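With these hints in hand, go ahead and build the complete structure from the sequences.
Chain by chain, the residues:
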Amino acid sequence: MKTVVKLFARARDLAGSPALELDLSESATAADLRLALGKRVPALEPILSSLLIAVGNDYAAPTTPVAGRTDLAVFPPVSGG
Amino acid sequence: MIQLTHASIDFAALTESVRSTQAGAVVLFLGTVREMTQGRQTVALDYDAYPEMAEAKLKELEAEARTRWPVIEAGIVHRLGHLELGDISVAVAVSCPHRHQAFDAGRFLIDRLKEVVPIWKKENWNDGSTEWVHPGTDQPVAAPSKH
Numbered sequence: 001m002k003t004v005v006k007l008f009a010r011a012r013d014l015a016g017s018p019a020l021e022l023d024l025s026e027s028a029t030a031a032d033l034r035l036a037l038g039k040r041v042p043a044l045e046p047i048l049s050s051l052l053i054a055v056g057n058d059y060a061a062p063t064t065p066v067a068g069r070t071d072l073a074v075f076p077p078v079s080g081g
Numbered sequence: 082m083i084q085l086t087h088a089s090i091d092f093a094a095l096t097e098s099v100r101s102t103q104a105g106a107v108v109l110f111l112g113t114v115r116e117m118t119q120g121r122q123t124v125a126l127d128y129d130a131y132p133e134m135a136e137a138k139l140k141e142l143e144a145e146a147r148t149r150w151p152v153i154e155a156g157i158v159h160r161l162g163h164l165e166l167g168d169i170s171v172a173v174a175v176s177c178p179h180r181h182q183a184f185d186a187g188r189f190l191i192d193r194l195k196e197v198v199p200i201w202k203k204e205n206w207n208d209g210s211t212e213w214v215h216p217g218t219d220q221p222v223a224a225p226s227k228h
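Chains S and P, in that order, are what the protein sequence lines are.
Mapping of the first sequence onto my numbering: residues 1 to 81, in sequence order.
Mapping of the second sequence onto my numbering: residues 82 to 228, in sequence order.
You may find that some hints are simply not true.
No farther apart than 35 angstroms at their CA atoms in a straight line, the calculated lysine-lysine pairs in the DSBU-like style are these [said to hold, decoys possible]: (1) P:K203 to S:K39; (2) S:K2 to S:K39; (3) P:K140 to P:K195; (4) S:K2 to P:K140; (5) S:K6 to P:K203.
In case anyone wonders, no lab produced these hints; they're calculated from the structure.
In this text, all values refer to a predicted model and were calculated from it rather than measured experimentally.
Okay, here's the thing in structure tokens:
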């Protein structure tokens, strides 16, 4: 199913877009999303394993379901302050 | 008070907003744009955020601080956009009955902010290159300019 993911910071720059639409299975998890992102945007490969995945306002675990969510975001480690 | 802003941070007003007759201590932390990092010279920083989640996480941190220390009032303001050297990027103000509580709560808030709140800084180095700061990732080091 079509799932839109927001991107931030270096992930956004590498993908060249603030959001991507991915086609995920209905049982897709955050781990599946990470794999799908790497296939869709090979440029993300160097930082793929360090990317954080957010579902709503919470960080996802690898097993967190993500398919069909409308509030997904992916970004590298944070550096505010 | 939790706020993300593109305007300069009025830390005096923020500090005043947490003052209380119940508090014997007010602690203010300011993060400011530093010129030198490991021998490299910064000319400016650009901050970006995922605003909805950043505000939610800041509220969670304030709530957690309130469960751990007797916080009377707390305020966190983070600036976004283009900041010059010396500009204030973040301000954390906390009031508690006693100073050790206020110091500990303030330190907790800024330390956790830097770990979990989705805000990012991009370095603008003096050689004209730019670089997102993503702790723990292998950044390609910009080639030093040769003259």
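**Asked** Are there hints from earlier that the structure breaks, and if so, what are their numbers?
**Response** Nothing - there is no hint that the structure violates, so all of them hold.
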